[in-house]
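Residue numbers for the sequence shown follow my numbering, beginning at -13 and rising by one.
In short, the hints are calculated from the structure, not lab data. Take the hints with a grain of salt, since some may be wrong.
[Stated by the list, open to error] In the PhoX-like style, the derived pairs of lysine-lysine whose C-alpha atoms are separated by at most 25 Å in a straight line are: (1) Lys12 with Lys62; (2) Lys78 with Lys12; (3) Lys(-8) with Lys78; (4) Lys(-8) with Lys2; (5) Lys(-12) with Lys62; (6) Lys62 with Lys2; (7) Lys(-12) with Lys2; (8) Lys(-8) with Lys12; (9) Lys12 with Lys2; (10) Lys78 with Lys(-12); (11) Lys12 with Lys(-12).
[What the hints assert, rightly or not] Restraint-style ranges between C-beta atoms, simulated for each label pair: (12) Asp64 with Tyr(-11): 17 to 23 Å; (13) Asp(-1) with Ser59: 15 to 21 Å; (14) Glu48 with Glu4: 22 to 28 Å; (15) Ala83 with Glu48: 37 to 43 Å; (16) Gly11 with Tyr(-11): 14 to 20 Å; (17) Glu48 with Pro3: 24 to 30 Å; (18) Ala83 with Thr57: 18 to 24 Å; (19) Lys78 with Gly11: 37 to 43 Å.
These figures come from a predicted structure and were not determined experimentally. Positions of the beta carbon are idealized from the N, C-alpha and C atoms, including for glycine.
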Amino acid sequence: MKYIDKIALAVRDELKPEDRPAEHGKALYELYALLVLTRGDETSLADVHDAWSVWMGRINPEHEALVPFGTLSRLKQDEDQPFRDAIRRVAKDPTLARLVHRASAHDTSR
């Protein structure tokens, strides 16, 4: 299993079953794994929405929520909170620290 898959699975496992997508979830969790690696515990609701938008744009390009995060109602924005919280928990998980740090350890752009 690739490290991205392990992180994606960890994000999925942090979510309540009712918050998990019924179909095509693997691709969404991979995007959320990318947020774990790139944004970590600083992941915002807007970050989650942007990742979701990439995923949903391939599944249902006419979805009404495929708009910039700031234009969503507060109620719609808050729907991203369980996902943001799951991503942040995974980013802080000491059992995954080796995977998260390994992925960014060779970044020379800093």
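Consistency of the hints with the structure:
With a CA separation close to 23 Å, the supplied pair Lys12 and Lys62 stays within the 25 Å bound. Distance restraint check for Lys78 and Lys12: the Cα-Cα separation of roughly 21 Å lies within the 25 Å cut-off, and the hinted pair is therefore satisfied. For the given pair, Lys(-8) sits about 14 Å from Lys78 by alpha-carbon distance, which is consistent with the 25 Å threshold. Using a Cα cut-off of 25 Å, the hinted pair Lys(-8) and Lys2 holds, with the two alpha carbons roughly 18 Å apart.
Restraint check for Lys(-12) and Lys62: the C-alpha separation of about 33 Å exceeds 25 Å, so the hint is violated. Taken as a hint, the Lys62 and Lys2 pair is honoured in the structure, with Cα atoms around 18 Å apart against an allowance of 25 Å. Between Lys(-12) and Lys2 the CA atoms are separated by roughly 24 Å; this keeps the pair inside 25 Å, and the hint holds. Of the pairs offered as hints, the one joining Lys(-8) and Lys12 holds, with about 11 Å between alpha carbons and a cut-off of 25 Å not exceeded.
In summary, the hint linking Lys12 to Lys2 is supported, as the alpha carbons are separated by about 16 Å, within the 25 Å threshold. A hinted pair counts as satisfied when its Cα atoms are at most 25 Å apart, and Lys78 with Lys(-12) qualifies at roughly 19 Å. This hinted pair checks out: Lys12 and Lys(-12) have alpha carbons roughly 13 Å apart, not beyond 25 Å. For the pair Asp64 and Tyr(-11), the beta carbons lie near 31 Å from each other, so the given range of 17 to 23 Å is not met.
Hint check: Asp(-1) to Ser59, Cβ distance near 29 Å, so the stated range 15 to 21 Å is violated. A beta carbon spacing of about 24 Å between Glu48 and Glu4 agrees with the range 22 to 28 Å that was offered as a hint. For the pair Ala83 and Glu48, the beta carbons lie near 40 Å from each other, so the given range of 37 to 43 Å is met. One distance hint, 14 to 20 Å for the beta-carbon pair Gly11 and Tyr(-11), holds here, with the actual separation near 19 Å.
Glu48 and Pro3 have their C-beta atoms about 27 Å apart, which keeps the hinted 24 to 30 Å range intact. At about 36 Å, the beta-carbon gap between Ala83 and Thr57 misses the expected band of 18 to 24 Å. In this structure the supplied range 37 to 43 Å is violated for Lys78 paired with Gly11, their Cβ-Cβ distance being about 22 Å.
Violation of the numbered hints given earlier is confined to hints 5, 12, 13, 18, 19; the remaining hints are satisfied by the structure.
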